[in-house]
Amino acid sequence: MTLRGEDCGRCGGAAHSAACGAGGLVPIFCGSGGMLLDVTTALAGLGLFFLGARTLGDALKRLAGRRVRVAVARSTDGPLKAAGMGLVMAAVTQSTQVATFILAGMIRAALIRAERAMMVMTGVNVGVCGLLFVATFDVRIVVYAVIGLSGIAMTRARFAPWRDQFSALFGAGLLLFGLGLLRQGTVPIAGLEIVTGTMAAISGHDILVFLAAALLILAVQSSSAVGMIGISLAGAGLFGPEQAIALAFGANFGTALNMALLTRGMAGRARQLAMFQVLVNLVGTAVTLPLLLAESAGLIAFGPIGVIAALTGDAGRSVAWAFLLFNLIGAGLSGLLLPWIAPVLARSWPVTRVEADAQPAFLEDGMLRDPAGALDLAILEQRRLVAHLAHLSAIAADPGDPAAGRVAMAQRVDGLLTLHGRIAEVLRDLGAADISAAAYERLARAVANHQRLDGVIHTFAELAGMLIDRLTDPGVMGRVSRGMLDGIDAVVMTLAEVAQSADADERMLLRAMTGDRAETMGRIRSSYLAAEEALAPADRGRLLLATNLCERLFWMLGSLVEGLEAEFEAGSEDGVALPLPEAA
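If you're matching positions, the sequence shown starts at -6 in my numbering and goes up one per residue.
These are calculated hints, taken from the structure and not from any lab test.
Owing to the predicted nature of the structure, the values given are computational and were not obtained by experimental measurement.
Even for Gly, the Cβ is constructed at its ideal location relative to N, Cα and C.
Mixed in with the good hints, there may be bad ones.
With beta-carbon atoms standing in for the labels, derived distance ranges [as the list claims (entries may be wrong)]:
{"id": "1", "residue 1": "77", "residue 2": "538", "range": "49 to 55 Å"}
{"id": "2", "residue 1": "283", "residue 2": "71", "range": "30 to 36 Å"}
{"id": "3", "residue 1": "333", "residue 2": "307", "range": "37 to 43 Å"}
{"id": "4", "residue 1": "32", "residue 2": "448", "range": "31 to 37 Å"}
Given these sequences and hints, build the entire structure.
In structure tokens, the structure reads:
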């Protein structure tokens, strides 16, 4: 590897900064690895891109407090404000891909509604076009600083109170750095002689230029890079304004295809946002491409070519103006039609059951104006969360394919913990509210129950994750795993019924079911561990850990049942022990 551009075996000295530096890597990575280095660089970038998106999303969930939600809501409470926020985001991220993933994380964290995030994306689409007009700020300096400083801060005890904030910054930095690596590995494709030669050969056919630009986007992952190709070819006299415009329109269409591929693993509201971004480019294509072809064929006298010719006579600048015209039309029309588009997207990619269960049914941001009523609603939401434990139990008892079962379990746990965090936030705020002594006692019970519930969720998830793979085992471990999970399922299903109905008979049955299981677990351990030939050494260790976890889980469930029973008894006079409303 080399540090000096003039010695660079990959890009040839003078071309070093454009071919190798622009994608986001420091020059030391520019070596003689050729195509293999390009492929592995792109692969590393893709991995860091998705890791950054996950890290950012997890941090945003932890930061999704009421004050943050209110601040985001205020900054996007109108079309102009939302679009303005999109322009700012475009200046920072310099990429519609990064902006989409950041907003998707905010949607999952309930920081912003999907419809408002879509309006923000209209501003992002217009904002990124500025990259082709001006020499942009080298974002690598900021990205490297953010990753370095936030990474250091995350490991220092003195910054522990702000760890989630630094984690969000670190995730955003990884997201941008990953995209830079992805471009670093793919941009050299655009400089290949076969690519530039092909583009020059088809310069007389607008539709072929359009399709070639769309395919090139899928290869190089950067509309800016494709735009620069058009500017270079136009500057060399190989492209006229007409072909430069066709290339810009094709690049935007390719961006839609690329976004659909990158976000195919999303679901629910996040997928709705991604498909809105796809739709922005499809709307732009549906309007601009027919007009371009019609004007080229002489069917209309004034179209995109005429508009851009009035703005600039330079073929290279035509690319930048074509990008801006395309996105003004696509984003503008999509924004105007958003009241009709959003319901269609919601029907096409509906909110998943997991996502719906993770959203509060009884909590609202303004509820703390009535602290007593807010406490009632928080307790109802807590009971709703307890009832949703049945979903975990159903997956553990019958996971189907073990791999699919682990994924479903992780998604359910993530949803339950999201709702748990929203309830915990309200309970914390109520601690500082002006409430009566009796209400404060109820609040203390609710906080204690919430801590127990957190332990139940984590312990159940750990135990189920350990046993799901062994359910299909025909041997001893399979029988033990099925027995444990079936027993837990019976208790959790009864607990869910009690949380829903508050039925006195069910509550009595539940107290009996959650009695001390230490002796039972001890007998299971002794009987199977004593049979030396029945269990492999690895399974003996697994059985020991599983029975300990199961014993702990039953103890936690029993403690939670006692806490709920105390709340039912204390709240029976004012109606809190009634069945949950239909909203649950």
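Hints versus structure:
Taking the beta carbon of each, residue 77 and residue 538 are about 54 Å apart, inside 49 to 55 Å as hinted. The hinted range of 30 to 36 Å is satisfied by residue 283 and residue 71, whose Cβ atoms lie roughly 33 Å apart. For residue 333 paired with residue 307, a C-beta distance near 39 Å keeps the hint of 37 to 43 Å intact. The hinted range of 31 to 37 Å is not satisfied by residue 32 and residue 448, whose Cβ atoms lie roughly 46 Å apart.
Of the numbered hints listed earlier, the single one contradicted by the structure is hint 4.
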